[in-house]
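Participant: For chain A, the structure is supplied; the task is to place chain B on it using the hints.
From first to last, the protein sequence lines are chains A and B. Going left to right, the first sequence walks through residues 1 to 214 as the working numbering numbers them. Going left to right, the second sequence walks through residues 1001 to 1134 as the working numbering numbers them.
Keep in mind that the hints are not guaranteed to be accurate.
Which residues of chain A face chain B? A few of them, derived with a C-beta cut under 7 Å, are [to be verified]:
id, residue
1, Leu95
2, Leu152
3, Ile202
Note that these hints are calculated values from the structure, not bench results. What you are looking at is a predicted structure, and each value in this text was computed from that prediction instead of being measured. By construction, the Cβ of each residue, glycine as well, lies at the ideal position given by its N, Cα and C atoms.
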Amino acid sequence: MAQAVVATTEHGAVAPADAHGTHATNTGVSNAKLGIWLFLSSEALFFGAFIATYFLYRGRDAQFLKGPKPSDMFNIPFTSVTSFILLMSSLTMVLALAAIQRGDHRQLRVWLLATALFGLTFIGGQLFEFTEFYRGGLKLSTNMFGTTFFVLTGIHGAHVTMGIVWLLVLWGRSSGGHLPQAKSEAVEIAGLYWHFVDIVWIFIFTAIYLIPQH
Amino acid sequence: MTHQGTDLEVVEPKGEVEAEQVALPPAEAVDQIPATAGVQVHPGPRQYVLIGIVLVVITAFEVAASYLEGDVNSNLIILFLGVAAAVKFFLVCSWYMHMKQDAPFFRRVFLVGLVGATIVYGIALTTFAATLLK
Chain A
1 MAQAVVATTE HGAVAPADAH GTHATNTGVS NAKLGIWLFL SSEALFFGAF
51 IATYFLYRGR DAQFLKGPKP SDMFNIPFTS VTSFILLMSS LTMVLALAAI
101 QRGDHRQLRV WLLATALFGL TFIGGQLFEF TEFYRGGLKL STNMFGTTFF
151 VLTGIHGAHV TMGIVWLLVL WGRSSGGHLP QAKSEAVEIA GLYWHFVDIV
201 WIFIFTAIYL IPQH
Chain B
1001 MTHQGTDLEV VEPKGEVEAE QVALPPAEAV DQIPATAGVQ VHPGPRQYVL
1051 IGIVLVVITA FEVAASYLEG DVNSNLIILF LGVAAAVKFF LVCSWYMHMK
1101 QDAPFFRRVF LVGLVGATIV YGIALTTFAA TLLK
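The shape of chain A in the complex, shown without the other chains (with noise of 0.2 Å):
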């Protein structure tokens, strides 16, 4: 089974050898991937206030239900393949990163591609469900379902989009030779955001379309 080794100690403190030719830092951890752990830890507050306010409106404000209803609009079957689109792009990615530490740069641009793909089906498909809602009378202005759930799940996929054109780049830039094995980090810290917008995604898949309405 292949596997890839990165060198570190147990417990990261301390680096003798960094497999993603990042220099030594005063913490002893790359400040690349700290940013984005600091990053990722900020965006979990970030999605948690959009998370909460949906919750805080669900059901309870009469304005909440003023209008066409969440039951009325949801398309569950759709939105599941999107959702299952989403969750093999984190498996595509995670390929990705695994191609370029055993330096199959071929595979790697697969792989990149794979999950821009991926996530780009899965705009594609948030874009129609909009529509959908739109053309069936759910507008960001209607009731306070209307606006929960298009602030929340269009920011979810402003996130998204980064992340597309995020793994684009890298993509271009590794056609291009110039993402080498040595800067496989690169591919990992745009792995960790990817990964990150979809956990988002399970929590708003179970949150806004699985949790019976009451």
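Facilitator: Positioned in the frame of chain A, the structure of chain B alone reads:
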């Protein structure tokens, strides 16, 4: 200088790290330490695919559970969906984001945000939900 079997260049640490470096065993001794002691091993593609399959299966059960509304107590469904989402979160974080293998410091940094969000929004929900129900 490279570590035997890894072809990785040794980067001399600076600053505070130097004090710890002094206590490290000689290179010959380091080479005899099992790989799991000092080398971070990421899972291979096969494990990634297996985790992907598990994630898909859990999602399928989640979607199926959502159709049981009316036949099964909705609180049970909510409990199941919450647990399933938590399991998926744990799997993605630990395997795909390499939280299991990476430096624990990164895990702690991320947990600060997660726990902070849970506390802050938990308080906000309990406070304002009561107001809205009036």
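Participant: Looking back at the numbered hints, which does the structure fail to meet, lowest number first?
Facilitator: Hint 2 is the one this structure does not satisfy, whereas the remaining hints hold.
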